[in-house]
Amino acid sequence: MTCESINSKMLLYIDGNLNHEEAIQFEEHLLSCKKCKTLFEQVSNTYALIDTEKNTAIANSDYAEQIWQQAQKTKRMVQPVNTLRISVITTLAAAGIALGIMVGGTFNKVNLQGASTENWEQLADEYFPEPELDYISSINPETE
Amino acid sequence: MSDKELVEQIVNNNSQRAFEALVNRYQQKVINICLGFTSSIDEAKDISQEVFIEVYLSLPKFRQESAFSTWLYRIAVNKSINATRQSKKNILVRLFTKDNANANELFIPADEASIPDTKLTKREDYAALKNAIRSLPQNQHVAFTLNKYQELSYKEIAEVMEISLSAVESLIFRAKTNLQKKLAEHFNKKI
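So the protein lines, in turn, are chains A and Z. Letter by letter, the first sequence follows residues 1 to 144 in this note's numbering. Letter by letter, the second sequence follows residues 1001 to 1191 in this note's numbering.
Hints were generated in silico from the structure; no laboratory data involved. Some hints here could point you the wrong way.
[Unchecked claim] For lysine-lysine, the following DSSO-like pairs were computed, each having C-alpha atoms within a straight-line distance of at most 30 Å:
no., chain 1, residue 1, chain 2, residue 2
1, A, K34, Z, K1182
2, A, K37, Z, K1029
3, Z, K1122, A, K75
4, Z, K1182, A, K73
5, Z, K1189, A, K35
6, Z, K1122, A, K35
7, A, K34, Z, K1181
8, Z, K1029, A, K75
9, Z, K1189, A, K34
From a predicted model like this one, the values you see are computed outputs, not experimental measurements.
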């Protein structure tokens, strides 16, 4: 094994991820290379700090009870808001629909009333245009 | 009592006893996962509390399609990643505001109690290790943390991350190789 190869496999060796043959080659290299051995010691000491850290991070005896109390508080805070939100949204939606129907109905009536004569006349003019003047004069008895 | 029974008691009866039993069973495991993403033990404990509160609030939605532990570890990973993102944002804000005097210190673990020997060199090495872990690509970081901090098997990691066993092996191999490079760089600078 070369120094470069050793340098990339130190953590794998520490965690037992190398196969038997690789592990033996690794150990043999460390015996013959002082530089790699020094680096290996530094790396393994630092890597071992993870275990130290884990052993130090122990929860307090009342950890579970504290979380329960907090969870109850959070639940009380979250639930009314959700219920309120749902009811408010439903009410507003219903009110909006009702208002829309009322306003729409009122305008519809106004339009029908106001437009009933004028609009129908306009439509009638478009579909049944008035006859040509010449033609009218030809049949009007007064002009004769 | 099994996890399933405890979960049912919490959902159906809002049982404090069942909840505390569940927390006691998993507290250290969740703290360890959070520790893999944070720079201090206190921060890890804070995030772990948030994890259990979210678990409590989400339990009615838990369909027991996977093991409770798998579901719990997923929540712990997600919460930790979100907290890390928030922490990075805060660091950026501090760097670009007047309050940047101690910005460099943010990367050094705040909790000196986490390492017994608080000599400066050891603190620097520890900070280098934590920075190296945090600089890993996210999926490598998650796989490494679940393996090294939580000591889950590759099969369990595959379930939590919803990836194949060979993908887990590859991620952990790459994570350790990358970490090794960073640590080697750190120590070579010191020579």
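Each hint tested on the structure:
1. A/K34 - Z/K1182: Roughly 20 Å separates the two Cα atoms, so the pair holds.
2. A/K37 - Z/K1029: Measuring from Cα to Cα gives roughly 34 Å; hence the hint is violated.
3. Z/K1122 - A/K75: Between Z/K1122 and A/K75 the Cα gap is close to 43 Å, so the pair fails against 30 Å, i.e. violated.
4. Z/K1182 - A/K73: Violated. Z/K1182 to A/K73 sits at ~44 Å, over the 30 Å cutoff.
5. Z/K1189 - A/K35: Holds - the C-alpha atoms of A/K35 and Z/K1189 are around 14 Å apart, at most 30 Å.
6. Z/K1122 - A/K35: 20 Å, holds
7. A/K34 - Z/K1181: 19 Å, holds
8. Z/K1029 - A/K75: With Cα atoms ~24 Å apart, Z/K1029 and A/K75 stay inside 30 Å; holds.
9. Z/K1189 - A/K34: 17 Å, holds
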